[in-house]
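So the sequences go chain by chain: A and B.
Using this note's numbering, the first residue of the first sequence is number 1, and each one after it goes up by one.
Using this note's numbering, the first residue of the second sequence is number 1, and each one after it goes up by one.
In case anyone wonders, no lab produced these hints; they're calculated from the structure.
Just to be clear, a hint being listed does not mean it is correct.
In silico EDC-like cross-links for lysine to aspartate or glutamate, where the CA-CA straight-line distance does not exceed 20 Å [claimed, not checked]: (1) B:Lys107 x A:Glu426; (2) B:Lys112 x B:Glu67; (3) A:Lys514 x A:Asp531; (4) B:Lys107 x A:Glu75; (5) B:Lys276 x B:Asp262; (6) A:Lys113 x A:Glu464; (7) B:Lys276 x A:Glu75; (8) B:Lys120 x B:Glu140; (9) A:Lys190 x A:Glu426.
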Amino acid sequence: MSAAEYLPPVEPEEPRDNYLNVAYGVRSWLLTRDHKRIALLYLASVTFFFFIGGLFALLIRLELLTPAGDMVQAETYNKFFTIHGIVMVFFFLIPSIPAVLGNFLIPMMIGAKDLAFPRLNLLSWYIYMLGGLFTIWAIVHGGVDTGWTFYTPYSTLSSNSHVIPAALGIFITGFSSILTGLNFIVSIHKMRAPGLTWFRLPLFVWALYATSLIFVLGTPVIAITILMVAVERTLHVGFFDPALGGDPVLFQHLFWFYSHPAVYIMILPAMGVISEIVPTFSRKHPFGYRFIAYASVAIAVLGFLVWGHHMFVSGQSVYAGLVFSVLSFLVAIPSAIKVFNWTATMHGGSISWKAPMLYAMGFIGLFTVGGLTGLFLASLGVDVHVHDTYFVIAHFHYIMVGGAVMGYLGGIHYWWPKISGKLYPEVLARFAAIIVFIGFNLTFFPQFILGYLGMPRRYHSYPEEFQVLNVFSTAGASILGVGYLLPLVYLAWSMRYGRNSGANPWGATGLEWKTTSPPPPENFEVTPVVDEEPYSYSAPGEVRVVG
Amino acid sequence: MRTDFPLFPDRASTMATHVDALFFYLLTVSAFFSVLIAFLVVYFAIRYRRRSEEFVPPRIEGSLTLEIVWTVIPLGIALSFFFWGARIFVSMNQPPRDALQVYIVGKQWMWKVQHADGQKEINELHVPVNRPVQLTMTSEDVIHDFFIPAFRMKRDVVPGRYETAWFEATRAGRYHIFCAQYCGTNHSRMVGWVSVLEPREYQSWLAGGAASESLASAGARLFAQHACNTCHRPDSLARGPNLEGLYGRLVRLSNGQTLIADEAYIRESILNPSAKIVAGYQPIMPTFQGLIGEEGILQLTAYIKSLGKPSAGGPEMLPPTSQSPLGGAVPPPGAPTPGGASPQKGAPVR
């Protein structure tokens with residue numbers, strides 16, 4: 001295989017017929033059944049929700065600039081963090097990589113024309129938007145103040161805000177997750193190209209397969225739980241309220257039975273993205289391909305068994321605490337395996353410092369910190385102290401923002417040439433990646449210290465000895481905000497003014513790079529036949545064995 | 001803006017020392033792995049940076065040995081975290097038997113504190129240094145959480161349940177109390193102070209307090225006020241079980257089950273009397289839900305606890321037996337705890 005193949009062709013001709021120019025007009029988008037166009041519908045919608053959620057994050061940070069709680073009323077502040085949580089979790093993080101990149105890439109990565117159920121795919125976007133409308137309605141009409149966790153009996157008994165529309169929004173959106181998961185599972189099982197065996201699949205597909213399992217198995221539980229809250233609130237049927245004979249802690253069990261696996265819905269796809277970027281920009285087969293693949297499935301399965309670690313101080317039995325603690329340590333192991341394998345993949349590679357790789361390297365570092373601080377929380381004795389403090393906030397933002405959002409941005413940059421047929425401006429993109437990394441750490445690292453000092457979550461005002469660290473955090477958030485606005489601007493710019501990218505600007509392997517950019521509506525003119533291992537960057541004779 | 005800000009919390013309880021030790025172990029291991037991974041990523045990125053677009057590096061086959069190494073070593077370290085953390089957690093859940101009893105009721109948005117001697121406080125808690133204090137807590141409305149960072153102590157305060165927690169303060173001073181479970185509008189104002197006093201100061205605080213009556217005598221007053229003694233009486237006119245010596249004893253129910261009479265059972269029997277009917281009695285007691293608040297229930301419970309031995313064992317009561325799988329009765333406060341080599345329940349980790 002000659003290395004010259006990897007040179008990006010200079011200003012190639014754009015293919016005449018691609019999924020973007022095949023039809024024009026609003027109808028051609030809103031009634032499309034093309035997975036690539038549906039992916040772009042999702043891209044626009046999750047971007048919208050990301051900036052809504054980000055706006056509320058900014059308002060939270062502004063309020064916390066001073067200890068007195070003097071910018072807005074306590075009730076308003078409580079609505080800010082609730083909306084930030086609901087929008088970011090249910091309307092950005094959960095759909096982001098699966099519904100945008102997964103939708104766009106899975107059919108191409110498996111050599112198929114589309115997903116198994118294209119109409120269902122479009123329906124899932126409409127369901128998502130309907131759920132989003134309920135949530136937007138709740139925000140516009142005065143908001144909701146229960147926290148994204150909807151803990152009972154506060155959510156059923158005390159809160160006089162718009163709990164039901166917000167809860168219905170989440171309930172409805174859940175169906176979109178289930179349909180997307182179903183579509184992915186069936187497509188990956190039934191529509192792989194000839195010769196594309198399970199262990200020839202890209203690791204991104206493995207990660208999305210594991211994610212889909214959680215979508216299908218976990219989402220119904222949150223749906224029914226949310227419905228129970230609505231029923232108790234309106235009809236006063238006692239599920240959770242002790243005054244009605246219910247048990248408030250039962251809600252926490254049901255809620256976290258979904259919402260802890262949901263954490264893996266958010267991070268597994270990002271791990272999949274990193275597993276693509278690192279081999280491409282190191283020009284190497286991923287170290288321990290099978291271990292990374294198995295680790296995805298292990299995380300999905302074990303993730304269902306650790307929900308009780310959210311309840312170490314809730315009054316569940318000591319023995320339950322011990323079991324959930326040890327299981328939580330076990331789920332950390334597959335994540336550690338992935339981190340070691342990504343790092344080992346870089347060893348002996350030919351590493352390009354393009355923007356996607358910068359995001360991937362940032363991801364590895366921040367995810368490592370996020371994962372390790374998770375061990376603090378799994379340790380019963382330490383969790384009692386840091387539970388419900390800013391330590392927890394810092395920890396899950398290292399996973400969700402340092403991990404999932406970095407992975408998402410890395411993936412958007414990496415596949416941007418495929419999606420748009422254009423190159424993004426590389427220097428600006430590297431600059432933005434560095435800004436995001438710096439802003440992120442400045443925002444969230446001080447929160448670890450705040451948490452161990454004892455600053456509780458969801459505090460509108462706080463003792464003044466915590467102010468300096470909060471000021472660092474707010475300063476970091478403003479830098480982070482700039483880092484997120486930059487890609488929005490230059491990616492939109494590149495749609496019109498960017499250089500043509502050609503089919504494969506990175507010299508990457510994988511079926512999606514074998515078709516033109518942007519791809520034709522049917523993805524491949526001829527169904528590809530796979531006759532080689534994945535990530536075969538070097539010729540078979542050049543294998544070196546270590547260890 | 002204060003610039004003398006702390007980076008590490010006060011350490012003012014026996015438990016804080018244990019928690020911090022594990023914290024520093026976790027911190028050391030985490031720092032090591034974070035620095036290792038960050039170093040390798042940066043080092044590889046520089047050492048193997050792309051020098052030529054033509055160069056394709058040779059493939060490196062994965063290594064089973066390495067995979068096993070980086071599975072087994074993290075697993076071993078993780079299990080060491082687990083056992084250490086579990087040991088601390090178990091002792092956090094075993095209050096020493098001679099602990100001072102304090103009762104806490106959380107409501108939106110304040111902490112109401114009652115001492116056994118009857119002192120009442122709001123958003124303040126006065127305790128002596130070097131003496132274990134056990135908190136029995138419940139909530140009148142939503143879930144709250146009683147958190148004292150300086151003691152590394154935190155516990156959810158759940159409506160409809162009694163949650164207990166304990167600490168032994170080691171340094172006199174004033175430390176924050178926070179509500180750590182989001183409970184509505186003024187969640188961040190549901191804060192207070194715990195004052196740890198030297199024994200002599202504590203005694204004078206107790207003496208100087210405006211306590212008119214002890215918790216138990218307040219309970220006795222409530223007992224009479226609600227005419228509980230019309231039915232709950234030791235003589236033959238009793239239509240309800242005799243409550244003398246009830247606390248901590250085995251109770252047989254009409255459905256054949258048995259239980260140990262504890263605070264939660266007494267609370268339930270006041271608020272929802274038909275839930276558990278004592279064998280030999282009719283379900284005639286009305287509910288006192290809405291008539292007696294959580295504080296009143298704590299007072300009534302203290303009164304029932306204070307009642308002596310029953311004059312004659314009623315048919316409903318069984319004497320506590322040492323064979324009972326649930327363990328015997330709670331010994332009176334101040335009873336000598338068994339020492340020796342046997343694993344001693346309630347002993348803090350030292």
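Results for each hint:
no., hint, result
1, B:Lys107 x A:Glu426, "violated, 56 Å"
2, B:Lys112 x B:Glu67, "violated, 55 Å"
3, A:Lys514 x A:Asp531, "holds, 14 Å"
4, B:Lys107 x A:Glu75, "holds, 17 Å"
5, B:Lys276 x B:Asp262, "holds, 13 Å"
6, A:Lys113 x A:Glu464, "violated, 60 Å"
7, B:Lys276 x A:Glu75, "violated, 41 Å"
8, B:Lys120 x B:Glu140, "holds, 17 Å"
9, A:Lys190 x A:Glu426, "violated, 38 Å"
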